[in-house]
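Go by the hints and put chain L onto chain W.
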Amino acid sequence: MERYTEKDLIRIREEYGRRLEERKKRKIEPGKKYILTCGGTSCLSIGGEKSTYELFKKVVAEKGIEDVEVINVGCMRMCSEGPLVALYPGGVLYTRVKDEETVRTIVDALKEDNPYIDEDHHYKDPLTGEVIHHMWEIPFFKYQESIILGRVGLIDPTSIEEYIGAGGYFGLLRALRMTPQEVIEEIYNSGLRGRGGAGFPTGLKWKFARQAQGEPKYVIANGDEGDPGAYMNRAEMEGDPFALIEGLTIAGYAVGASKGYIYTRAEYPLAAELVEHAIQVAKEKGLLGQNILGTDFSFDIEVFKGAGAFVCGEETALIASIEGKAGRPRPRPPFPAQKGLWGRPTVINNVETLMNVALIMERGAEWFKGIGTQKSTGTKVFALAGSLNVSGLVEVPLGTPIKVLVEDIARGAPQGHTLKAVQMGGPSGGCVPIEHFDVGIDYESLRSVGAIMGSGGVIALDESSCMVDVAKFFIEFTKNESCGQCTPCRDGLVEMYDILTRITEGKGKREDVEKLEKLATVVKNTSLCGLGQTAPGPVLSTLTYFKDEYMEHVENKRCPAKVCLPLIEYYILPYACKGCTICAKNCPVNAISGDPGKLHTIDPEVCIKCGTCMAVCPFDAVVKKDAYEERGELYERSQH
Amino acid sequence: MNFMKEVSIKINGIPLKVPEGTTVLDAALESGFYIPHLCHEKGLTPVGVCRMCGVKIKVGDRWLNKDGTDKNSMIITACTTKVQDGMEIFTETPDILDYRRQIMEMNMVHHCGDCIAPCIDACPAHSDIPTYLRLIKEGKYHESVAVMKKSYILPAVLGRVCPAFCEMKCHRGELEGAVSIRQAKKFAADWDLEHGPWMPTLPPLRGKHIAVIGGGPGGLSAAYYLRLKGFEVTIFEKMPKLGGMLRYGIPEYRLPREVLDKDISASLLYGIHTITGIEVGKDISFDDIRSQFDGVVVATGAWRSRKMNVPGEDLPYVEVGVDFITRFHRGEEVSVGKKVLVIGGGDVAMDVARIARRLGADVTVVYRRSKAEMPAHELEVLEAEEEGVKFQFLATPVAFHEGGKVEMVKMKLGEPDERGRRRPIPIEGSNFFVEADNVFIAIGQVPDGTLFEKWGLPTQRGRAVYDENTLQTPLGDVFIIGDAATGPRTVIEAIAQGRKAADMMDMYHKGKLDLVKSVFREPWKYVPDIYADGEIKKLIMEWKPYNHFYKEGEIDYSDIKPKQRIPHRRRDPEERVKDFGEIELPYTEEEIRGETSRCMECGCDAADRCTLREYATFFAIDYNSIDHKPRKGEKDTSSAVIEIDPKKCILCEKCIRACEEITGLGILTLAGRGEDTQVVAWMGNPLGETACVSCGNCLQVCPTGAIIKKRVDEPRERDHRTKTVRTTCPYCGVGCQLELRVQPEERRVVEVYGVHDDKEVNGTIGETCVKGRFGLDFVNSPDRLKKPLIKRNGKFEEVSWYEALSYVAGRLTEIKEKYGPDAIGGFASAKCTNEENYLFQKFMRAVIGTNNVDHCARLCHASTVTGLARAFGSAAMTNTIPDLALDANVIFVIGSNTTETHPVTSYYIRRAHREGATLIVADPRKIDLAREANIFLQIKPGTDIALIGAMMHVIIREGLWDKEFVKERTLGFEELAASVKDMTPQWAEKITGVSASLIEEAARTYAKADSASIVYAMGITQHAHGVGNVLSLANLAMLTGNVGKPGSGVNPLRGQNNVQGACDMAALPNVFPGYQKVTDPEAVKKFMEAWHVDYLSSKKGLTIVEMVHGVKEGKIKALYIMGENPVLSDPNTDEVIENLKALEFLVVQDIFMTETAELADVVLPAASSLEKEGTFTNSDRRIQRVRKAFEPVGSSKPDWVIIQELTRYMGYHMHYSSPSEIMEEIRRVAPIYGGVTYERLEKGEILHWPVRDLSDPGTPILHVGKFAHPDGKGRFHAVPYQGPWEEPDEEYPFIMTTGRVLEHFHTGTMTRRVRALNDLKHKPFVQINPEDAKKLGIKDGDKVRVSSRRGSVEVYAWITDVVPRGVVFMSFHFKEAPANRLTPDVLDPYAKIPEYKVSAVKIEKI
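Going down the list, the sequences are from chains W and L. FYI, in our numbering the residues of the first sequence are 1 to 640. FYI, in our numbering the residues of the second sequence are 1 to 1406.
Bound-form chain W, shown alone (with noise of 0.2 Å):
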């Protein structure tokens, strides 16, 4: 077993940061070819039986070239457009590269010193059908800062000599060579601030822990990312696991803690495998374990997996989870930091946030503060999803603006479409209307919208959306996924989701609006914890800025966005119906007739509004109407 020492440190990364350097030239030359694949989940999920990397090798291999190398790397990204593939030197990126077919003909390619291959495997802009190959001038990329997700997709991540070789381990070098107390001085300085939502300064964590009485001390990085849609973190752990190992330690050694705990869900496979690996490989390396880099200071890190409860996100519930106990949050003063695990002062910091702190301890407070707002520093990664025309993971300095990265980064709706807003936060976020785009993202900005940071999932949402079924949708999740300890957030919940459920059947009344507010009220301010206390935070921001839906909804038994089904119906336009037969045919229940040739008609009675004859009218002649029209019918029907 080889221990590093600084000296070590030192020859690996010349050595391998000459060959990253290398790696990353933007011109295309000829000489060594890396071909980097993307091993992020996304691409694997979308990818086929076998793995762009897999198929890679397999084709150099037959192919029997030689200065080729194929490397397996974190997530590239832009993830609507995966699988991802990229060559360097060059940086061009190939999409969609799912079978072998493609592969050939990219390694095929590469014999030339004009790699591009057909314009269905390169990106093409959706606003301006320009097709650009080369990643630095896409403007998904363009736009984008790269600090956290500097190392991610562009190395090897079970290589810690290429972590080595990005500058890995030097923040860890130089935080041994200070005092815990000015490690936790520069963290304070950075202005870092969690990266799980809640933005509370990570000196300032590390310091009440440091200053608690008890031994010994805990360390945890949360990983349990449980909001829908979001998958920061796990791009985090696959991409680059060392710079994770690297912050906790760092965190250990400056809170007095010899154990940390890296807690992510037994539904991220792959990241834990690789977090695992990157542990023994820097025990082996004496990077962890005794006497890390010959000092005095011992760390361990052991990986635990939740079963998956969104409220073991929750600090407390995190802690009752790891010791063997249901996760259920209990309330908070004490914090973690002065009783937590086993009752021991306990810092707990989201994945993200110690992926910050390698990098400060290796770069400095003032090259961190130099990123970012005054009040938010630094850089946070978003998970954009919904009605945009490129998804994917983003990496923004905070305080940038919503704008930015909806139109310029994600390239706005499909066409078609306009947005109106944006979800952000997770489910117990708010939405932010798009008179408000141009907020900065930062901590107080977004609360003064409504929204709240949270761990950095952004859902678009456009003109087909319903607002009151956006906000019926996160709340389901949330009472779903409620520990069910606390009257308010148990029953609370389940009660807005029974408003709600009335409101998008055209059952709600006005009384229910001003009901659910209350209760919203209610939930966000007595809820133990902060499940129920963020939880109604769809419910008012969407009241606030779209309460006209939900009185449409309830006044006048109309969903705008036509998406609540009890309150619309399909309905054939006369002039558009060329009697083609093909909507009855595929109707499921048979709600369709009339002759061939002929106008059909759908019965409202037997529809159970699936929308299949709409998606199979080669005429565009089914569309949506509201059931009530006039109000006249409406009562009669409210009658029944």
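No lab work stands behind these hints, which were simulated from the structure alone. As the structure is a computational prediction, the values presented were derived from the model and not from experiment. Take the hints with a grain of salt, since some may be wrong.
Said to hold, decoys possible - A partial selection of chain L residues facing chain W, derived with a Cβ cut-off under 7 Å:
1. Cys-50
2. Arg-51
3. Ile-75
4. Thr-80
5. Met-106
6. Asn-107
7. Leu-268
8. Leu-269
9. Gly-271
10. Arg-673
11. Glu-675
Note that CB positions come from ideal geometry on N, CA and C, so glycine has one too.
Just chain L now, with coordinates in the frame of chain W:
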């Protein structure tokens, strides 16, 4: 422990000083600021889940509630927040109140079930219908009337005229029809009147006199209930007789006047005066009344008839219906013509019509709507029809013309009016004419508003102005009730209001009515006030409670046996129109009792103590605005004693914490997420199939009815029929304080709560074990002895006390004269009180003249008494029960299966262990504590001396002993050191079977602890070398300096409730009370003086086993046994029986016909500990009160009374009027009790003896500073190794050890007679190791024969690894298989205790 540091806080602006470290909630509650809370319980870890205790807190300028004062501020839970200097706490801000209401509403959505039976809620007087129906079912009619009269008077009247709102809501109505509640009431009330009516006990008059104007049902009711509140009352009645509309309105065929008269006279209590024929406003002015009385209740009814306002209404043939009826009932001459028209559709119209019918007229009722809208009771209409009354619907008179010509118009029905009845509209041009001789108008009455105006009562639109909640008028001292207030309503409503007025008048005179008014209006604003005043709380819970009811279809009726409702039986219509005799025919007693058995006793057992129901009431939750959704999960009735209903659970987790933190088990947990969350027993199993120990600590803390005591063949008892009694548990020596809720008349223990005494120990909820909580029903066993018995010709005959006692006195005197006093022996009892034991030994010593007095301590802790007296100079637990656990760093439990024998002590041990104390357990069996222990020493039975000796060997060898303590405070160390020199761990390993290294570890752990306690019980004492065992433990403790400080000591856990006290009182052959030796001439002299006798024996008497043996030897001729059962409890049963049979005379004084009593010549029935006063001294020397809950059963008497009376027959006069007088004598003669008085105990003082004088606070820890030997030094004793008396051999290859099980006690005399406990364990058993069982071919549950050299018994095999190979275990509770038939009667030479713990046995399958 005592951090008396204080911090300054402000609650709602009021500055306070509270102890540091307490929570905001506790600080507030203790300072009298009530903050609602559902999940908080003192003694349990706060979890802050119910969110009800949310408050706002400011420290300096900073709000802890994030956003501070604005309406979005987050709450802070008071239960989880510790006080901090300078905190300003706000508990009642509007937003907080609003949050609490909202949270309560959320709780109520999921909390489903019947709070009380729906009939109770439907009854305007809220009478406890299920209870009186049950009493009727049981044939207890007076008692049922007593229940009725809690809520209303005139039950016989109501049994006839009440519309029975109750029946309309009866759940039985969902099946074959509602229970005939009214008929049942009528039957019971008639029976009651016939047999001399039940009358209430009256409180003394309090000097206030109230005037009631109006002697109708409302006025009579007000008078009755006012009198019950201590008011003197005068009723002013305008009419010649009392009764109001009952007399002058309701026709006789519905209400015979004889019944009315009787019922009224039964409600006229002493102190109620009546003046009839006096009209207020005419004969006496209203103002005069006001000035002469301390309050007025106006109950003048509604006698004024409405007018039709049509032409001709004044014509002579047109009369107001009410006037007609009144005239008729006053006995005035009335006559009607042939054809009579009655206008109206209400009850009065029916009455008029039916009276006119009976006067021979052809009657037609004219009503302007259709039949469906008629306000009259359905039955009335039906009966009128049956009697030939005709109806003309949809018509109304428009004019009365001369000569009996009535002009009418036809009507049609239009839109519904505000009451939902469709409005009648005249059809134009449909006029028609009808001829009539008489027309009676009965379209409704109103109270006489002009009268009120004349009196000066404020009115509005002709109606009196009053507050609906309190019935108070703006005049303050004047209340208005009944029809006078509400307009015409039912009798029961008037009566209910009469009672309410009495309640409110009481409040008015206490100066609380204004608060009550506010509380009723907006209760959520006054929650702290409500909790500060029990009366107000009771009032709102009585008159405006929140009640939830099952909706139709929600109840599972599959268990209900179908039974038809009795038919409504009435006289034949043709017959009944001929006279005014009562229409309804009587029912037989059998029919009525059968009918009442249809009552399903709906409601929740917890209704009277449900915090949730209280909060729902006080936060004014609107039942109807809630969309109720029951929580998932089915009722769990699998346990014999506990029932869990998830539909009532609010998930406060208190039960979970009680189970885990108090009992130390963690059987109950939370499962599921979101709305599916529920409390489940371990792994979701039925509770009865888990390791639940049935302690019921969960149900004690449950704030709702989700966890309740399971009732089997027991009725529900509501609070109004019960009382609470605090007493000391009659089972083991822990001496738990219990609060019993009992029904005294029916002698029923309804519920038992542990009482929390945090003066002694913090962090408890007042816990009990299964026996204390569910095991007190033995007092009502049908087997109880109720009369003295004398055996004649081999058969017991019941005799009088005179006969029994004179016979006993005669025989004893005879034997004493013939053989000398020492031929008589007495067994006192560790189950009897101190006072009784004192009297018993006084009787034996001073009257009989012998020291032959002993009790069962001989069989359990004689070794302790001898051993500890030698070592320390005093023989009792050195420390208190909480202290030995909670203050210790190491707890060494040896020879005690604490979780089963002293459960509550084990709770403390478990808690201490959980909180970090190290637990060492030594036992032959892998008992529950062993499974949790840090170090478990599984020794071979009877090898304790080797184990302890080896531990001391290690401690001395390694220099771990406390040199200073040994030098300063002890004598004999050298001898000790020499005696253990060769007791190496290796040597001990061979003997004990425990590895040498484990012995070393245990020795080091014990010796190195700052404070280490030793806890032991009969595993140490019940050996032929029991004293050696005890001395070894004393040596170990002194060697390490673990005596005389908190968390240390040598602590024998005493078995019986008062074994310590019986010893203290000298139910021992060698000492006088307070351990003064009988061989000491000074002591003899002192007691001769104290007891006024000129002779006391100074010879040591015989012990229990010696007395029994003495029979064979001819030394003992007569035994007097009080409360002991030697046949089962003493070793070698068969021989015991032979000896007892050989006696010339045997007296047994007991509560049951025990196996011993059956052999007696005379059996004297004693009262149980729930039937007498006295004191017990528990295991840790604490003297505690025993209080009477019931009268002694039959003609039984408390033991002290029996002995006192017997002594009189023997010429020695004892004359104590109460046990407290006996205690006065005890404290004069026994110095260790010198300061014990009932007065101090009643004040709640915690007294552990020695209590030398009245200013001595007692001695929780013995031997602080010096030992009890005269020189103050402890004594080491060299104890050579001695093993068991009997070793296994080829014929008897197993070692049998004996002991107890959790659910049973001693010889099972009490516990085997308790349904719940017997359900839990009912079969005698022998525990066998699985490997042994396999070899013997025995399966779990097989019947086996266990035999020793002395006998054999048949029991059931229980295959378990609790026992190691070669060892079997039996308990001695089962008389059908007495374990002591097998045990040897070999004794310890010093303590004379038998070796129960080791016998060689063989086992055969049968």
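Hints, verified against the model:
1. Cys-50: holds, 6 Å
2. Arg-51: holds, 5 Å
3. Ile-75: holds, 5 Å
4. Thr-80: Since chain W brings a Cβ to about 4 Å from Thr-80 of chain L, closer than 7 Å, the hint holds.
5. Met-106: holds, 4 Å
6. Asn-107: With a closest approach of 6 Å, the Asn-107 of chain L hint holds.
7. Leu-268: violated, 52 Å
8. Leu-269: Since the shortest Cβ distance to chain W is 48 Å, the answer is violated.
9. Gly-271: violated, 50 Å
10. Arg-673: At 5 Å from the nearest chain W Cβ, Arg-673 of chain L passes the 7 Å test, so the hint holds.
11. Glu-675: Holds, about 5 Å.
Consistency note: the structure conflicts with the earlier hints numbered 7, 8, 9.
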